[in-house]
Amino acid sequence: MSDDPIVQMTGIRKDFTGVRALDGVDFTLRPGEIHAVMGENGAGKSTLIKVLTGVHAPDAGEILLEGRPVRFHSPGGAQAAGISTVYQEVNLTDNLSVAENLFAGREPRRGPFIDFRAMRRKARALLAEIGIDLNVAAPLSAYSIAMQQLVAIARAVDIEAKVLILDEPTSSLDRDEVEVLLGVMRRLAEGGTALVFISHFLDQVYEIADRMTVLRNGALVGSWATADLPQGELIGHMLGREAATLEQIERDASAHRVADEEPLVRAEGLGRKGSIAPYDLTIRRGEVVGLAGLLGSGRTETARLIAGADRADAGSLVFDGAPAGRHNPRTAAARGIAFCPENRKTEGLVGDLSVAENMILAMQASRGWARSVPAARRDRLVAEFIEKLDIRPADPAMPVKNLSGGNQQKVLLARWMLVEPKLLILDEPTRGIDVGAKADIQRLVAELSGGGMAVLFVSAELDEVTRLSDRIAVLRDRALVAVLESEADMTTDRIVDAIVSGGHRA
Amino acid sequence: MNAYTKRLMWPVIILVALVAVNIAATGIDFIVPSVHDGRLGGAFVNILRRSAPLLLISLGMTLVIATKGIDLSVGAVYAIGAAIACQMIIDAPDQTSAGLVAAAVALALAVTAVIGAWNGVMVARFGIQPIVATLILMIAGRGIAQLVTGGQIPKVQDASPFTGIGRGSLWTIPIPIWIAVLTLVALALLTRRTALGMLLESVGGNPEASRLAGIRAKGITVLVYLVCGLCAGLAGLIGAANLGSADANNGGLWIELDAILAVVIGGTALLGGRFFLLGTTIGVVIIGTLEDTIINVGLSSQWQFTAKAIVVFAVALLQSPEFRAWVLKPFKRRPAAPAPAPAEEVLAK
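Protein chains in written order, with this note's numbering: chain A, 637 to 1142; chain B, 74 to 422.
Mixed in with the good hints there might be a few duds.
Unchecked claim - Each computed DSSO-like pair below joins lysine-lysine, with the alpha-carbon atoms no more than 30 Å apart: (1) K1058(A) with K79(B); (2) K381(B) with K981(A); (3) K228(B) with K1037(A).
Said to hold, decoys possible - Residues of chain B placed beyond 12 Å of chain A at every Cβ, according to the derived structure: (4) A93; (5) L220; (6) A290.
What the hints assert, rightly or not - Computed footprint of chain A on chain B; a stretch qualifies when at least three of its residues, placed anywhere within it, have a C-beta under 8 Å from a C-beta of chain A: (7) 263 to 273; (8) 325 to 338.
Since the hints were made in silico from the structure, they are not lab data.
We treat Cβ as the ideally placed atom computed from N, Cα and C, and that holds for glycine.
One chain only, chain B, in its complex shape (with noise of 0.2 Å):
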């Protein structure tokens, strides 16, 4: 088993722990999934299309945090770009277009981007540390979106081929996982069949050494806070083509740390270096699924959080070696020798 596997291994585990929780409280039928009206659906398959907008944001999250940065820019980014599609869409006078919406989309995923680009710059460029360079447009970032709602939840029309982003599907899968899935497949490519992505854990796992090795650190630091706000861009266009409106102060609140929770599950250090797209993609269904047990298995929704807290507290404890060791130690093979007794009582003597 290798590293990587090794890595994986513990968030399958809770997965799978939490699937199986879910299949014994409602049935087979939480993990089957139907078609209705040729389009997949069932309990599993409708957890995977809530999570897209967490797992994309989690994704650019990744890289970020690879790079031993953090964005906490992301929810309010995402309520940027919804902002931006829908007053766009609104605010022409045939909201069916369909290059009204491409346009829309296109502007809103180019001024998430030019974002993303400005905490990156902020970060590489100006030294600012991370978690504050992010704060800023996590608290600016919002009264950005309001500035462009004019402070009203513009609502898409439900003719709008723009709500196909959040409810459509194509060869029955719904379009939110095919953009995650396909956006996932996009960045594990681009990380790993370039260099790109043992360049980021170098930056991330030792930055002065990347630097006397004449690795362009902060071109790549930007480029990583750029796919960043991209992602979240693109997050908040599915939310908002879902609900067919947008919120600027409520879509994608709190989703920053949802995303972070969903990294650190899938085994990337907080610390920089190592990363694990596939490993966040676990941690964000494992974050999707736990919300629906939670109602499976008859608790209140008020639950919610303090159940989170605790898998939370599950995973890293199981992902801390000196835990793992200290549990089993009673299932170790002790040496044949009598074991001598602990110096501290040979002291107390």
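So here's chain A without its partners, still in its complex pose (with noise of 0.2 Å):
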């Protein structure tokens, strides 16, 4: 690892209207190292990556790269300097082959053809170099998000990038996929790539980071060696409080337990073709039933179902006492039945309307457009919601695109929560967002569940799933496999046991 810094960015400062989303922040990257970059939503690590990549050009400040100032006008001016990146969401072209991807922009020519037969050739050899093997032939969208990320990774790295961010790139991936990440990342640093991570996921971080900047409210906290940083140190610095430690919502299970009368959903044989094998389920009132799975096991399918977001073509669902008949989103949710969707950019919010629009949605929408939620009231509510889910900044009038994750994702629980639903469904509420607001977000749940509501929860990770969940539905392969009801089995081995051995089963 060579002393002399590959990057080095000192006092940058960055203001959006109003907002100062960078202050005087320092960072230093070296040849050879993987280093993270931490700090909540809307700390600034995206504004720094997004200075870096020349996509916002700081409003102070100067960058170095390779010891000599350079300012970039463009993400290609970046690029062609030798600094890639790859973002959460993948920035590719579904309809295009693997291969097309791989090389869009740099094909391999013979005179004004594009030659595929080599395109091809060398996009099979890439993809063996990083370990995974695809038909380079095939649309990218024939893959799965994941090995669309490793696609993007591919190409990344192919770009002869100097410098490497990596921002979210796992947080759509399953346990395995990350791994072959982060062997390839292990693998570029190795080679002299200086890599920079940015990761909620602070296991991964641990594993892989030599060092790590942390911001908070767009300012430099500090960087250390990870060595030198223990973990409650660094949720410490990340969150400016005293660790707000997750284990703190562990929640008095026992007291939910409600000696029930009829469950509140009873789902028999439930199932569509093509997405998820017939189910039975119940989730009483009070309770909250956690759906725990790999990527690709069909929790989200699962939860759609009952939702109403998809249709089922067999089984049955009774909700409250009755037989849901004509099942789809706007059924369900004057049945009581509120549906937070995996994804809040595409399928929650609209990104243009505010703060407050976004959360009078589902109120407005079961009230028909003529009768409007008078002002007075929906202001009222909106302060509400927005104070007592500390949702920053708190501004109803705001466009919620402008939002950072965390808070977005506040809001779509904010429209819901107004509705007073019979059962909320959360489909991997803290994805992609920082640990404060996962905190909140969790705390939530255990508190609305306190005051009877049923709570489907879906997430990837299962110690959350663990931490929150009265009982556990275990899927594989697009099958519910089992539920995990006692409270010694509330327990991450226990969940991957069942995962396990449900394949037998099947």
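Could you fit the two chains together into a complex? Lean on the hints.
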């Protein structure tokens, strides 16, 4: 590892209309190191990266690349200088082939024509190098988001990057894929590439990062070698308060056990061809039922059938004592079922609308367009929930797309809490959001179920599922394979066991 | 300055500039209304009167565009509305009967509303792309209008009260202006006093999120196309009443393009979502004023299309954040530190 930094940013300041996103931040990156940038959502991580990659121009400060001052005016400029980025959302073209995506803009040519054969050969070699095997002639859309992510990384790797920035690359990958990715990262670092790694998964950060730079509210907290910064301290730096550990919401699960009459939700043989095999599931009032399983196991699909987001083609659903006949999002909402979908940007929020409008949307939808929610009531409710959920900035008129992920998630939650549903379905509510907001949301779930609301909670993080759930339904290969009921079963090990043995049973 | 007034700023500036050019060319009389025979007149009032049909259509179009849709059939619906009313009146023995005119107007509006709803059903229920769904009636609509008139151009007697819709005035203000302004107010109230506007913007901004939030998107979409059809029919009535005849082939020809233009000038994005009825109104007046400006500054009328294109170009540029940043760049104060060389140059060394 050389001591001459490849990237040195000093005193970086960036203002967006009225908001100071970065305030005098320094950042140093050395060749061959894996450097994690840590912070809550809204801490300024993304802005710092965007300044480095030429998406935003800094309002003050200096960037040195290999000792020479640079100012990038576009992502292309940064890329040409050897700074590549892989974003959380895959930035590739769905309907082009894997090979075309890998070589878009730099296709191997024969005369004026693209040499497709050479392109496919090179694509196969490139993917083999990072250890994945795909049909490079197939359209990218044929593969899972996880695979697409790896293709994006392969593309970035191949562009001879001196600096490779990975912004939440693992948030949609399962455990094996994460291992592949981390392996690729290590190999690149050994080859002298400097990597910037942004992730909310602390385990991964501790596994792979050499150094960490922590930001909070747009300001630099400090930089440390990973070995010198224990997890508790890191969380303390990120949150800026006494390590508000997630353990504190350890809920007294027994208090929620309701010696029950009829369960609120009774799904019998509910299923949808090609999506999820028929399953039985009950949810009682005041109970949190977790859905656990690997990526693609059918967690989301299970939840969507109960939510009415997809139409079931088998089985029956009884809700609150009455069979759910026509079941779609609207009738489901009318029955008291609230659904916060997995992908808050594409399925949850309307980005151009304000925080207040997004919050009021479900309530307004149930009233129909002719009966507007009175302005006074609306303002009161919105203000109440902005305060209750600690949504920042606390500006009801701000377009929701300008909020950070955690705050967007809170807006979505507020939308449904406003209508006081009987069943709240949360699909990955804590994905891609910071530790603080995560703790807030988990606390909220515990609180709501304490108040008698039934919650169906989907999460990729087993820790989170075990911490919150009264019962856990385990899925594998698009089938529900086990329901863990007893207190003793609420451990990640038992879930993993269930996933493994569920496989044998099938 | 909030987002709403910010959106309106550039269209207003353009309109003021156009008016200023006209005043410079023809004197202050351009903008000051005059009164003749108890009727408001003058160049600008005439522009407003002539713009009324386009305004009606543009308002309907604004709502359709807010849902991520588009309605190409409005010109044809204009012709159908005009044809039905005129044909019914000339077929009657006494064209001066007020009851007859009222019935003709009601029938024309009912038919155009049904046509609009049909467009809406095609889009919302059958999932046909709006541009395709409305293209069908854009083509077929004029044929329907021809069938109604039997291929003739029905001419209504000047004595019929029908012509008053286009030529008359109430309290000195021309009837077409009354109709357009009342429609603007009615639609503004309909969308902003109820939740319709917000739900429209939600459906246009993110259809899937809206579905999952439980919004009845289909009903709202059909309603919006129905309103658009109704507006086009009303515009057709004004146009026909003004001329005293209905031309199935040329009535409202290409008006859909001017309407889309007005919507865009007014700040509503073709991608759907946020919409601005007042912006659209200003857009319509800009288009109307522009036509007079060309004559007033002494250009031949052949310049009309070119000049329109230039204005569109200017508005589009002014509304582009990238362009504004680029233009304003030299005026922004740089940080005190000397600007480092661009990366590309460094690399070239």
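State the violated hints by number, sorted upward, taking the hints as numbered earlier in the document.
The structure conflicts with hints 1, 2, 3, 6, 8, although it agrees with all the remaining ones.
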